[in-house]
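Enquirer: The numbering used here puts the sequence shown at residues 18 to 204.
Honestly, I wouldn't trust all of these hints.
Unchecked claim - For each label pair, taking beta carbons as the anchor points, the in silico distance ranges come out as:
no., residue 1, residue 2, range
1, Pro-187, Leu-64, 31 to 37 Å
2, Gly-200, Ser-175, 15 to 21 Å
3, Leu-113, Lys-170, 27 to 33 Å
Don't read these hints as lab results, they were simulated from the structure. Glycine residues also receive a C-beta, built at the ideal position from the N, C-alpha and C atoms.
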Amino acid sequence: MSTPPSIICLSGVSGSGKDTLGGFLATKHGYERVALADPIKWTLMGLLQLDPAQLWGERRNEVDPRFGRMPRELYQRFGQACVELDSEVWLRPFRLRVEAILRSGGRVVCTDLRTQAEWRMARELGASIWLIERPGAGAPGALARHSTEMELKERDRSSFDVVLRNDSSPGALYDTVLHILEGASRP
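Hey, can you work out the whole structure from these sequences and the hints?
Expert: Written out as structure tokens, the structure is:
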């Protein structure tokens, strides 16, 4: 087989294990983590004084009393409003960063592939696209119906390069991925 992919893009609903697996690939396999939503979150951190736990951690699903909304809803709405003004507003910085990492000989793991436009761009970049499925995962309540949670759920599972079922421990998920990567490394 070939070498492990230079770009792996992880897809799946909220809570499926994308960040967990992305961290594993970054820490243990030298991938650099890049998320399409990071510029949105950094912007909201500055504009609304949200803290990292509200944007990247477990507090993203807790209502912030200042706004009467969960941080997840704030970044979904802000991100969508920006896309309505410019459909590639979040794609351009992602593409530039990925291309710079690849030029320097690095590898990339994207931890939040969620839309058809992101899918097309990932394929243009030569990414291997992995779906992570986890029973019971998903954004809470009405947020689960947002386009970023729904668009790629409609895509046929066979269109993904790898489909992972995350229904055990992180260690079991890592073992499965290690097996996949080792298989890619064999001649």
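Enquirer: Indicate, hint by hint, whether the structure satisfies it.
Expert: Now for the hints, and whether the structure bears them out:
A hinted range of 31 to 37 Å for the beta carbons of Pro-187 and Leu-64 is consistent with their spacing of about 33 Å. Under the hint 15 to 21 Å, the C-beta atoms of Gly-200 and Ser-175, about 19 Å apart, fit the expected range. Range check, Leu-113 to Lys-170: Cβ separation about 28 Å, and the 27 to 33 Å hint holds.
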